[in-house]
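**Q** Its first residue numbered 1, the sequence shown is counted upward by one per residue in this note's numbering.
I should point out that these hints are in silico values taken from the structure, not numbers from a laboratory. Just to be clear, a hint being listed does not mean it is correct.
Unchecked claim - The following label-pair restraints were derived from C-beta to C-beta distances:
hint : residue 1 : residue 2 : range
1    : Met1      : Asp68     : 17 to 27 Å
2    : Glu4      : Gly101    : 43 to 53 Å
3    : Ala73     : Gly101    : 35 to 45 Å
Where is the CB? At the ideal position from N, CA and C, for every residue including glycine.
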Amino acid sequence: MSLEFLIASAIAVLTAGGVYLSLRGRTFQVVLGLTLLSHAVNLFLFATGRLVVDRPPLFAGGVIDHADPLPQALVLTAIVIAFGMTALAVILSLRSFLESGSDQVDGLADPDRGKGEP
Numbered sequence: 001m002s003l004e005f006l007i008a009s010a011i012a013v014l015t016a017g018g019v020y021l022s023l024r025g026r027t028f029q030v031v032l033g034l035t036l037l038s039h040a041v042n043l044f045l046f047a048t049g050r051l052v053v054d055r056p057p058l059f060a061g062g063v064i065d066h067a068d069p070l071p072q073a074l075v076l077t078a079i080v081i082a083f084g085m086t087a088l089a090v091i092l093s094l095r096s097f098l099e100s101g102s103d104q105v106d107g108l109a110d111p112d113r114g115k116g117e118p
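Could you put together the complete structure from these sequences and hints?
**A** In structure tokens form, the structure reads like this:
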């Protein structure tokens with residue numbers, strides 16, 4: 001298998017898992033889904049910079065092929081932003097849980113409550 005196929009497969013699996021978890025009804029699963037989606041985006045950004053092995057990241061005398069440093073810088077920035085976003089989402093979901101007593105996304109403590117049943 002080629003490296004491109006493995007990276008594309010990893011991006012697909014992370015995206016599918018992230019979408020699945022983001023559509024769940026509990027806040028912790030939504031936070032995990034957003035984290036998986038951010039990892040998928042980071043891998044995609046990294047893969048846009050051509051997957052090369054044993055190439056210097058900067059030009060040097062006599063080097064013809066090099067690795068593109070811009071996607072690497074974008075991924076490092078995205079990792080920091082994703083960490084901050086995840087920390088904020090965890091704090092907001094924890095506060096919601098402490099105030100409502102439930103980790104349901106819609107805020108209902110009883111999942112059957114609100115379906116029109118007395």
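**Q** If a hint holds in the structure, say so; if it doesn't, say that too.
**A** Now for the hints, and whether the structure bears them out:
no.	hint	result
1	Met1 x Asp68: 17 to 27 Å	holds, 23 Å
2	Glu4 x Gly101: 43 to 53 Å	holds, 48 Å
3	Ala73 x Gly101: 35 to 45 Å	holds, 44 Å
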